[in-house]
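Residue numbers (the UniProt record's numbering), protein chains in the order written: chain B, 1 to 731; chain U, 1 to 153.
I should point out that these hints are in silico values taken from the structure, not numbers from a laboratory.
Do not take every clue at face value.
Chain U regions said to be covered by chain B (calculated; three or more residues, Cβ under 8 angstroms) [claimed, not checked]:
1. 102-111
2. 138-152
With a cut-off of at most 27 angstroms between alpha-carbon atoms, the simulated DSSO-like pairs for lysine-lysine come out as follows [what the hints assert, rightly or not]:
3. K12/U <-> K213/B
4. K213/B <-> K83/U
5. K151/U <-> K683/B
6. K668/B <-> K63/U
7. K146/U <-> K300/B
8. K146/U <-> K621/B
9. K146/U <-> K683/B
10. K621/B <-> K121/U
11. K146/U <-> K614/B
12. K290/B <-> K63/U
13. K143/U <-> K213/B
14. K300/B <-> K666/B
15. K71/U <-> K464/B
16. K581/B <-> K621/B
17. K121/U <-> K614/B
A quick note: this is a predicted structure, and the numbers were derived from the prediction, not measured.
Glycine residues also receive a C-beta, built at the ideal position from the N, C-alpha and C atoms.
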Amino acid sequence: MESQNKYNFSRRNFLKTSVLASGGMLIGFNLLTACKPEAVMPVDIKSLNFNDFNAFIKISDEGYVTLFSPNPEIGQGVKTSMPMIIAEELDVAWSKVNVVQATLDTKNFQRQLAGGSQSISFGWDALRQTGATAKQMLVNAAAIKWNVDASTCKASKGIITNANGDQLGYGDVVKEAALLEVPENVKLKEAKDFTIIGQEIVNVDIDKIITGKPLFGLDYKAADMLYATVLRPPAFGQVLDSFDATEAKKVKGVIDVITIGGKVRDYINSGKNDWTFVMSETDKVVVVAKNTWAAIKGKKALSATWKQDSKLESTEDHDTILTKILEGNKFDVRREDGNIKKAFINADKVIEKTYHSPFLPHNCMEPMNFYANVSSEKVHLVGPVQTPEYAAKVVADMLNVDLDRVSVEMTRMGGGFGRRLYGDFVYEAAEISSAIKKPVKLISTREDDMTMGVYRPAIKYRIKAAIKDGKITGYHLKEAAINGNMYGLIPNFFPAGCIPNFKVETSNYKSNITTGAWRAPYTNFLAFAEQSFFDELALELNIDALQLRLDLLQNVKNTTDKRIEYSGKRMEDTIKLVKEKGNWGKVEKGVFQGFSAYYSHNTHVAEIAEIVLKEGFPIVKKVTVAVDCGVVINPTGARNQVEGGVIDGIGHAMYADFSFNKGKPKYKNFNTYRLIRMQETPKVAVHFVENNLSPTGLGEPGLPPAGGAVANAINIALGKRIYSQPFINEL
Amino acid sequence: MLNYTLYINGKKRVVTADADTPLLWILRDELNLIGTKFGCGIAECGACTVHIDGVATRSCQMKVSFLDDVKITTIEGLSEDGKHPVQEAWKEIDVPQCGYCQAGQIMTASAFLAENKNPSKEEIREAMHGNICRCASYNRIEKAVKVAAEKMS
Ligand code: FES
Ligand code: FES
Numbered sequence: 001m002e003s004q005n006k007y008n009f010s011r012r013n014f015l016k017t018s019v020l021a022s023g024g025m026l027i028g029f030n031l032l033t034a035c036k037p038e039a040v041m042p043v044d045i046k047s048l049n050f051n052d053f054n055a056f057i058k059i060s061d062e063g064y065v066t067l068f069s070p071n072p073e074i075g076q077g078v079k080t081s082m083p084m085i086i087a088e089e090l091d092v093a094w095s096k097v098n099v100v101q102a103t104l105d106t107k108n109f110q111r112q113l114a115g116g117s118q119s120i121s122f123g124w125d126a127l128r129q130t131g132a133t134a135k136q137m138l139v140n141a142a143a144i145k146w147n148v149d150a151s152t153c154k155a156s157k158g159i160i161t162n163a164n165g166d167q168l169g170y171g172d173v174v175k176e177a178a179l180l181e182v183p184e185n186v187k188l189k190e191a192k193d194f195t196i197i198g199q200e201i202v203n204v205d206i207d208k209i210i211t212g213k214p215l216f217g218l219d220y221k222a223a224d225m226l227y228a229t230v231l232r233p234p235a236f237g238q239v240l241d242s243f244d245a246t247e248a249k250k251v252k253g254v255i256d257v258i259t260i261g262g263k264v265r266d267y268i269n270s271g272k273n274d275w276t277f278v279m280s281e282t283d284k285v286v287v288v289a290k291n292t293w294a295a296i297k298g299k300k301a302l303s304a305t306w307k308q309d310s311k312l313e314s315t316e317d318h319d320t321i322l323t324k325i326l327e328g329n330k331f332d333v334r335r336e337d338g339n340i341k342k343a344f345i346n347a348d349k350v351i352e353k354t355y356h357s358p359f360l361p362h363n364c365m366e367p368m369n370f371y372a373n374v375s376s377e378k379v380h381l382v383g384p385v386q387t388p389e390y391a392a393k394v395v396a397d398m399l400n401v402d403l404d405r406v407s408v409e410m411t412r413m414g415g416g417f418g419r420r421l422y423g424d425f426v427y428e429a430a431e432i433s434s435a436i437k438k439p440v441k442l443i444s445t446r447e448d449d450m451t452m453g454v455y456r457p458a459i460k461y462r463i464k465a466a467i468k469d470g471k472i473t474g475y476h477l478k479e480a481a482i483n484g485n486m487y488g489l490i491p492n493f494f495p496a497g498c499i500p501n502f503k504v505e506t507s508n509y510k511s512n513i514t515t516g517a518w519r520a521p522y523t524n525f526l527a528f529a530e531q532s533f534f535d536e537l538a539l540e541l542n543i544d545a546l547q548l549r550l551d552l553l554q555n556v557k558n559t560t561d562k563r564i565e566y567s568g569k570r571m572e573d574t575i576k577l578v579k580e581k582g583n584w585g586k587v588e589k590g591v592f593q594g595f596s597a598y599y600s601h602n603t604h605v606a607e608i609a610e611i612v613l614k615e616g617f618p619i620v621k622k623v624t625v626a627v628d629c630g631v632v633i634n635p636t637g638a639r640n641q642v643e644g645g646v647i648d649g650i651g652h653a654m655y656a657d658f659s660f661n662k663g664k665p666k667y668k669n670f671n672t673y674r675l676i677r678m679q680e681t682p683k684v685a686v687h688f689v690e691n692n693l694s695p696t697g698l699g700e701p702g703l704p705p706a707g708g709a710v711a712n713a714i715n716i717a718l719g720k721r722i723y724s725q726p727f728i729n730e731l
Numbered sequence: 001m002l003n004y005t006l007y008i009n010g011k012k013r014v015v016t017a018d019a020d021t022p023l024l025w026i027l028r029d030e031l032n033l034i035g036t037k038f039g040c041g042i043a044e045c046g047a048c049t050v051h052i053d054g055v056a057t058r059s060c061q062m063k064v065s066f067l068d069d070v071k072i073t074t075i076e077g078l079s080e081d082g083k084h085p086v087q088e089a090w091k092e093i094d095v096p097q098c099g100y101c102q103a104g105q106i107m108t109a110s111a112f113l114a115e116n117k118n119p120s121k122e123e124i125r126e127a128m129h130g131n132i133c134r135c136a137s138y139n140r141i142e143k144a145v146k147v148a149a150e151k152m153s
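Chain B extracted, bound-state conformation (with noise of 0.2 angstroms):
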């Protein structure tokens, strides 16, 4: 098995046992090494100087192995599937595998968030290592009992068996077990001999979810805990003015009406705050009350006067800045490669498109909420966040208590997309509870969570292709965006090193809405603009449209240049295998088919999307998607992932709009705001690229392909090019 060791070990850190004096053994270890590992759990641990360690699986004398898993469940199975690792290597039955959410107490505790789909491939090696010298250590233990040479013994199923059929549990040698030396270089398992990776294992929380019980953070309750609304502007680049609560204050149950902000500004000013930190710094009304519907009903009753503080923004003045950068000359170079001015100007053809996407809010199921409990000995917070770590330590600034104070409880999300990076809920929250003195819970709405902010940026590309006896010799793409621009990878991503003049330029616009990441950032967009343009030059060049990414990637295969993130090999592998699932230019009459491909979160995707016409009008039926995300470790949870991805992807692209008019955002609810539902869904197939390589994410590179993929089966049907988002909007 190929072991990318990205990550390295220091053993002495590694890993540390200790009795527990419930019984049992408890093992403490350091899931992501890249992490200053620093963080408390919820056993008695304290006496054993675990601080070092952010994971613990504990074996109880009975033989049942529980896993307090630190990272946070969005949706994208990583609490299934990381235990599975470790059981693996562990070598116990899975039925005996219990997961429970880790608490943090924390202190520069990192990486303990959901995002980027990296929690898998951070963790492999160390959930591995972790199992197997757990492992070796049982053994090691049960050999001391026998007498005889730990390697004479064997242990599966939680069972330690010696060369003369003697047999131990797991739970009769713990005790010992933990007392022992952490062996170093145990062996891992062959991928051949794995039982539990590459299993169907349903979802472990699958029982509490399909009977209702409280899981997520809205279901979190506390003792004497209120419920609070909070009015913000109805506008970005407003601020509040004045107010009057008289209404509101007759709502029976609503308890009282106060503001906030004055910390988050201070926060700001104090400087601390860095990119990912999305706030204004506005006042905004508070509706505390005894339960949810008269924090509702109050801030509806509320009146509230708002000045503007800076430009009120529409979608129209982002259409026209983001037009003016493309045509300007203010750039950032991010990738240059050959002489993509020799390129043009030698060119036979030159082919220049633009593309555009609008502003999309995440929209998780569960509207953003979160629990605070301020008093001057702690602060308590629980809640759906997928950066724990760094939310406690803006509270502890925020509201200037010792980071040792805070302490921060993770609930199952309703979702993430994104959204759950971004604090802003938690802060409020803590405001809230710091300003009433009481635990409180933070409640949206849905109307608030669609206009509160941080959303996927509004962005263009503007790429161009050079054209010569018949091959592609330059490619210029440029970005300009709202906020930000493409991180740092991407500028590497396909077609990168397959076309011999190559540029990437980015540039953006500063605006007051607040944007954030979106379900695989930026590639979520700009998949859609390069696999269109591909498509086009395929036609231009009368290629097949599938050929022509085959016949590119030959360019990258053996390419040395180390900045290159993804394989020429591997996305070659995946679209051959999607070429020959999907049936690819073999269709029955009527159906119309488009393929793209991309690579993104260190993941190879290719899909081919298959649309019919209903009365003139596209119905995505069916895609067919090929992945290549090394080891497979939980084909169930593996397949949902991708389909969950595939189907986001195309639902946003057909149907998501959202525009300002003078900085108000226009959609704020279902009724308006089109999702992908039931009718609508094509049907998925997923396979997977064999191999055993390190897995890879999953939770995102399902969606970057898919609206492309849809764009060049319309353009099929219909000889309709699609430049923008939502493509209902084009049609």
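Put chain U with the ligands on the given structure of chain B with help from the hints.
Only chain U with the ligands this time, still in chain B's reference frame:
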């Protein structure tokens, strides 16, 4: 504030509330039946679906004062042990992703199957169209409804 007597999951419950309080918030805040979820508050997403006299109903739009003499069933009361055929099918197919919408999906599906024992694929897709799943688990929902129908027949 008035007292209202509700019949929920086979039990009589008396709650004190404003007449316009939606059933959703009575369930979640007053009775601690948090399985019923809040998604939109305007009857557009289906996360809050419960059965009222067996009919799938959006509890976010159902005022507590309209609930005299009706039988309300929530996800917690759909079965005693989580073994309703729809719940079993959901588990078998491993439908949920984040899971947030699924109680509403299950309540919509179970009311639908009580009426239509042998639905076609199109009927399933139509019946479930009103429930949003932001994680897009739609194809598995369709499959699970089919499996549940088979279990029930
Ligand atoms: S919350 Fe009732 S339908 Fe969305
Ligand atoms: S499973 Fe996440 S919204 Fe349906």
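These are the hints, each one checked on the structure:
{"no.": "1", "hint": "102-111", "in the structure": "holds (count 3)"}
{"no.": "2", "hint": "138-152", "in the structure": "holds (count 5)"}
{"no.": "3", "hint": "K12/U <-> K213/B", "in the structure": "holds (21 angstroms)"}
{"no.": "4", "hint": "K213/B <-> K83/U", "in the structure": "holds (14 angstroms)"}
{"no.": "5", "hint": "K151/U <-> K683/B", "in the structure": "holds (23 angstroms)"}
{"no.": "6", "hint": "K668/B <-> K63/U", "in the structure": "holds (23 angstroms)"}
{"no.": "7", "hint": "K146/U <-> K300/B", "in the structure": "violated (43 angstroms)"}
{"no.": "8", "hint": "K146/U <-> K621/B", "in the structure": "holds (19 angstroms)"}
{"no.": "9", "hint": "K146/U <-> K683/B", "in the structure": "holds (15 angstroms)"}
{"no.": "10", "hint": "K621/B <-> K121/U", "in the structure": "holds (14 angstroms)"}
{"no.": "11", "hint": "K146/U <-> K614/B", "in the structure": "holds (26 angstroms)"}
{"no.": "12", "hint": "K290/B <-> K63/U", "in the structure": "holds (18 angstroms)"}
{"no.": "13", "hint": "K143/U <-> K213/B", "in the structure": "holds (24 angstroms)"}
{"no.": "14", "hint": "K300/B <-> K666/B", "in the structure": "holds (19 angstroms)"}
{"no.": "15", "hint": "K71/U <-> K464/B", "in the structure": "violated (64 angstroms)"}
{"no.": "16", "hint": "K581/B <-> K621/B", "in the structure": "holds (15 angstroms)"}
{"no.": "17", "hint": "K121/U <-> K614/B", "in the structure": "holds (18 angstroms)"}
Of the numbered hints listed earlier, those contradicted by the structure are 7 and 15.
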